[in-house]
Amino acid sequence: MKIRYFAWVRERVGKTDEDIELPPDVTTVSDLMTWLAARGEEYAHAFENPKVIRAAIDRSHVRPEAAISGAREIAFFPPMTGG
Amino acid sequence: MKIRYFAWVRERVGKTDEDIELPPDVTTVSDLMTWLAARGEEYAHAFENPKVIRAAIDRSHVRPEAAISGAREIAFFPPMTGG
Amino acid sequence: MATIRLQREDFDAAAEAAALTRGRSDIGAVVTFTGICRGSEDGDPIAALTLEHFAEMAETEITRHVEDAQQRWALLGVTVVHRYGRITPGENIVLVVTASSHRGEAFAAAEFLMDFLKTRAPFWKQVESAKSKTWVEATAGDDAAAARWEKPRG
Amino acid sequence: MATIRLQREDFDAAAEAAALTRGRSDIGAVVTFTGICRGSEDGDPIAALTLEHFAEMAETEITRHVEDAQQRWALLGVTVVHRYGRITPGENIVLVVTASSHRGEAFAAAEFLMDFLKTRAPFWKQVESAKSKTWVEATAGDDAAAARWEKPRG
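Residue numbers (our numbering), protein chains in the order written: chain P, 1 to 83; chain G, 1 to 83; chain D, 1 to 154; chain R, 1 to 154.
Hints are computed from structural coordinates only; laboratory data are not their basis. None of the values given here were measured: they were computed from a predicted structure. Just so it is clear, CB atoms sit at the ideal spot from N, CA and C, and this is done for glycine as well. Treat the hints with caution; some may be incorrect.
Non-contacting residues of chain D with respect to chain R, defined by C-beta distances greater than 10 Å in every case (computed) [unchecked claim]: (1) Arg5; (2) Arg8; (3) Asp26; (4) Thr34; (5) Arg38; (6) Asp44; (7) Thr50; (8) Trp73; (9) Gly85; (10) Glu111; (11) Val127; (12) Ala147.
For lysine-lysine, the following PhoX-like pairs were computed, each having C-alpha atoms within a straight-line distance of at most 25 Å [stated by the list, open to error]: (13) R:Lys131 to P:Lys51; (14) D:Lys131 to G:Lys51; (15) G:Lys15 to D:Lys133; (16) P:Lys51 to P:Lys15; (17) G:Lys51 to G:Lys15; (18) P:Lys15 to R:Lys151.
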């Protein structure tokens, strides 16, 4: 599955995107944040406060409890500050 | 006192403005409309429904009960439709 | 800090907006409202609108409402231009430009000024069609829009 | 009937508004909102803003909100242009133009679109000052502004 990072999530993780094989017990966006946070120091830093991180599955905003099965691309980013 | 007319009030009265000597018992805007309406057919037509006519004393909107003493100029017109 | 003009000629909305922001870096939001003469009124085609106005009072009233807007919101610039005379479909009628640090103030002030121009500025529109000339009637909707801004009486 | 563009280059607000109204006589009201980079943030001078964006999602999200606005209000034209990349004080950031027969719809749609661009479009602003680069934090005020438009859930 393709994972993309933006803004300070991207800066902390240290990459814009990556392809990852997920274990079968990672079924929601929230699970995925917990799983990513355990991958290393930079991920732990990026996901230290999952409440402030927003997610999109296949370019639509989703809540942390959203299921990720069938997703092609999941993006993580801070709250938007456009406009 | 100078009286000015605008839009369909002007069209009905048939003039843009005039100088009038008012009798002392005409003390409010409402009195003035009643007094003007008795001046002739064109005035009667213009002021046949005083409720829909707006007035300004010295370029400020006023209500029909406003006193006219001290006024230099009184204007009558329909509700505004600018913008 | 405010430009108010009543004029027969057309205006250039972009030039007016540019004049408000030129050389400044404190403005974060500019709202421009342009009112345009439509080609039909209640479904009937029109040839033109003629705007009659009470010039001296219009200037006074618009100035008063611009000052009121400046007290209500932190505005960094305001421009109001209102045309009079004969205006054909597609032509501009009125322009309001408001500038502020933040968008909320600029939007609110522009709506406030337009609502007051519609109901309190001494302008009257006459519609000219192929068969007649008729004065536009004031609408309850415009009065309701203006009433939103009324302050509670103390 | 809608133009949506994400671009690095500046835009010409006047040209975009003119493009919406050209050759038409059904439009009575045009609202143009321009968001501009201010020279200071919370009182501290800034050198520039850098806007990062998620391009494919931004297009999808903006299109969705433009379609929502078109269903809510009788719009005769909508243009949204959002810049990304490095933007210095005084430069344009975002443009929303809405056209309608009547002013109420044009104002409401422009405010709606701006509130959603602020809170839902995937853009992130980084402030560059003489001493640091910091990401702008989302504000509760912007969330509240966007929440005004939420439909009651059935």
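Evaluation of the provided hints:
no., hint, verdict
1, Arg5, "holds, 18 Å"
2, Arg8, "holds, 20 Å"
3, Asp26, "violated, 6 Å"
4, Thr34, "violated, 5 Å"
5, Arg38, "violated, 5 Å"
6, Asp44, "holds, 13 Å"
7, Thr50, "holds, 17 Å"
8, Trp73, "holds, 14 Å"
9, Gly85, "holds, 18 Å"
10, Glu111, "violated, 5 Å"
11, Val127, "holds, 13 Å"
12, Ala147, "holds, 14 Å"
13, R:Lys131 to P:Lys51, "violated, 29 Å"
14, D:Lys131 to G:Lys51, "violated, 29 Å"
15, G:Lys15 to D:Lys133, "holds, 18 Å"
16, P:Lys51 to P:Lys15, "holds, 21 Å"
17, G:Lys51 to G:Lys15, "holds, 21 Å"
18, P:Lys15 to R:Lys151, "violated, 37 Å"
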